[in-house]
Amino acid sequence: MADPRPSTQPSQRKTTIWNDPTFRSIAFQVIAIVAVGWFFYFIFDNMMTNRAKSGISTGFDFLFSTSGFGILMTLIDYDETYTYGDTFIVGLLNTFLVSGLGIVTATVLGFVLGVARLSHNWLIAKVATVYVETLRNVPLLLQILFWYKLLGDSLPAPRQSLEFLSQSVFLNTRGLYMPKPVQESGFPVVAVVFIVALIGAVLLARWAHKRQDATGQQFPVVGTFLGLVIGAPLAAFFLMGMPMSLDYPGLKGFNFQGGMRVIPELTALWWALSLYTAAFIAEIVRAGILAVSHGQTEAAHALGLRNGPTLKLIVIPQAMRVIIPPLTSQYLNLAKNSSLATAIGYPDLVGVFMGTTLNQSGQAVEIVAMTMAVYLFMSLSMSAFMNWFNAKMSLVER
Amino acid sequence: MNTFQPLPDLPPPVASTGLVGWMRSNLFSSPLNILMSLTVFYVIYSTVFPFLDWAIVSANFVGDDKSACTDGGACWAFVGNRLPIFIYGTYPAAEYWRLDISFLLLILSFGPQFFEAFPYKKALGIFSLTGFPVIGFVLISGGSFGLEYVPTDRWGGLALTLTIAYVGIVAALPIGVALALGRRSEMPVIRAFCIAFIELWRGVPLISVLFMSSVMLPLFLPEGMNFDKLLRALIGITMFQSAYMAEVVRGGLQAIPRGQYEAAKAMGMGYWKSMGLIILPQALKLVIPGIVNTFIALFKDTTLVLIIGLFDILAIVESAITDPVWGAVATEGHLFVAFCFWLFCFSMSRYSQKLERKLHTGHKR
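Chains as they are written, first to last, in the numbering used here: chain Y, 1 to 398; chain G, 399 to 763.
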């Protein structure tokens, strides 16, 4: 039976070119490219005109000219005669320092609080809940200013410093002064021994893991690991005749000389970042532990595992799979939030480089681009790690 | 004949009921728990009671300068005395009523959303996203309808904080939805642009975005064309938050099963129709808690405008605590700001948790 309807071959169908999806998609994309291209040309053109008018040269040559300003805290040698490029390094290292310190303390505190929120002890669970709900609902900038002000108001002047450990540690408004370890000849040997011991311990742990997978025999990994990593350098230290001395701080005139100084800006920032991020980490940890269903614990008990091994082998590995991706993004947030240092004058990358260096050199575009590139690099490498981790974990799944 | 007559049940042991039983099972169930409970009790005793003493018992609540604060506790008189400045900033006092009406409209257009039974939620929601910003701008800025013009550098305090948060929220949502759609588009160029935009803003700290908008935006514009400082900050905040919003919305779009997309196509719907009528209503409903969480983050982030020299509530309090008329009142000022933010953020997060529970049931399979 013939089809009464007229046959319509796609090639014969007459559509306006505007209704053709392929054409439309290409047209939209061309429009988008032109619009974005014009936008960038527009701002680039304006920028060049504006800079030519104000007499600012373009390019990164300014990085090699002398900075002419001092910085409150530097981890490398630096003074006014160094270059703008050095201020970048100083700021970057200070950002890394406070982020690293913050990540360690926030992780420890966050895990403790996360477990505490699930505690059977009513009081502890409530205290942890109140902590989390208070800290994460108050802006971080306010918390940083609060601790900084509190620290500044409650500490004594240098002459009335608080003293600890028979006059070797001092605390006053200018910071915390501690003895500074000074290495003497022979100390590099200790460092080398430490690195060798660390590599050896890691290899040993791998071997033990493989052997357990193959044969089921267990090896006391933790004890051996700690013994190697701590014991070996300690032995080398004493064998070399203790090649280290301490440089004690002392009050000279109105201020302390020598030793190691932790500025109050660092303390306040570190403290605030840790407390704030810990509240978020606690929630992540709690969610991770709750995500492991109770059946897993019961199954482990049914297999004859006791509480310790159940936690170590069944619950924690599964919880960590849920915890680690959001945890890494919290670490990234902490690193980005450390830029609030500007508000209290801690010399981090944004404060030093995007603040003082920018104001002095006027190279706004280059400096903002460099600073943003640093943070972008951090965040992109962190998401690369997260993708790698997720891929690895999903392989383990089944 | 003896029938079996069971004795009445014995009452449960005294130690397992009532307060004693509750304490035994929740506070003192094992030696470790006893130790922990006692430690926490001690810590609470030694910190909370001195704090309450400072904040309430020996605090002063009324006064005009530091001579009123004599009891050694908190000087809440400072907060009470400066409250108008904290709320209205340096806005002309004769025009406070304009801000009051805006506050009232804000409450009236958002308050009913929390009540299930209120019938006109949708209309009110549309009003709060379209009509209210216009009315609010005309009211606060003035310059028309016989209202005196108030330049933006007179805006400040809690009013400015709420303005920034509100504009950020209203502007970031549509841009975020557009970016999320673009990121899932089948056109490679559009997708690449959207990914680049989102990852760029998400990868950098907000403070560098604000710096950029205050330092670099004037460089990018032709001579003579310049934006207001507040507007520049708003542009920066909106760009930043819309990237985060885009990722939240993308999560919702990904959660919608393929069948929905295919069904919409099978019905003969084009792209915009299927998105507008089928996909987005479901996706946005799914991610409402995520959107509220983004709002909370945005609200807290508004404090960063302090660094580029705008006087939001935190900046106003920061400058007020250095006033020699009042002694050392930094802690009181900070606690007041903290309480304001806590109140807004905590109620928003409770609302989102409630929504999450409510929406969860419908999507479980």
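None of these hints come from the bench; they were simulated from the model.
Hints are not guaranteed to be accurate.
Claimed, not checked - BS3-like, lysine-lysine: derived pairs with alpha carbons at most 30 Å apart:
1. Y:K210 <-> Y:K180
2. Y:K126 <-> G:K464
3. G:K519 <-> G:K756
4. Y:K53 <-> G:K519
5. G:K683 <-> G:K464
6. Y:K149 <-> G:K698
7. G:K627 <-> Y:K126
8. G:K464 <-> Y:K149
9. Y:K149 <-> G:K756
10. G:K671 <-> Y:K126
Claimed, not checked - A partial selection of chain G residues facing chain Y, derived with a Cβ cut-off under 7 Å:
11. N424
12. S428
13. M434
14. T437
15. S606
16. C738
17. W740
Backbone N, C-alpha and C fix where the C-beta goes; we use that ideal spot for every residue, glycine too.
Take the shortest C-beta to C-beta distance between S606 (chain G) and chain Y; is it under 7 Å?
Holds, because the Cβ-Cβ distance from S606 (chain G) to chain Y comes to roughly 6 Å (cut-off 7 Å).
Does the structure keep K126 (chain Y) and K464 (chain G) at a Cα separation of 30 Å or less?
Judged against 30 Å, a Cα distance of about 37 Å means the pair is violated.
Starting from K210 (chain Y), check that the Cα of K180 (chain Y) is at most 30 Å away, please.
The hint is violated at about 42 Å.
Holds or violated: are the alpha carbons of K627 (chain G) and K126 (chain Y) at most 30 Å from each other?
44 Å, violated
Next pair to validate is K519 (chain G) with K756 (chain G); report whether the Cα-Cα distance is within 30 Å.
Given pair K519 (chain G), K756 (chain G) holds - Cα atoms ~17 Å apart, limit 30 Å.
Verify the interface restraint on W740 (chain G): the C-beta must sit less than 7 Å from at least one C-beta of chain Y.
5 Å, holds
Hint validation: N424 (chain G) versus chain Y, beta carbon distance must be below 7 Å. Holds or violated?
4 Å, holds
Can you confirm whether the C-alpha distance between K671 (chain G) and K126 (chain Y) stays at or below 30 Å?
Answer violated: K671 (chain G) to K126 (chain Y) is near 49 Å, above 30 Å.
Below or equal to 30 Å on CA atoms is what counts here, so check K149 (chain Y) against K698 (chain G).
20 Å, holds
Classify the hint on C738 (chain G) as holds or violated, based on whether any CB of chain Y lies nearer than 7 Å to its CB.
10 Å, violated
30 Å limit on alpha-carbon distance, applied to hinted pair K683 (chain G) and K464 (chain G)
Violated, at roughly 52 Å.
Going by Cβ atoms only, is M434 (chain G) closer than 7 Å to chain Y?
6 Å, holds
The structure fails to meet hints 1, 2, 4, 5, 7, 9, 10, 12, 14 and 16 from the earlier list, while all remaining hints are met.
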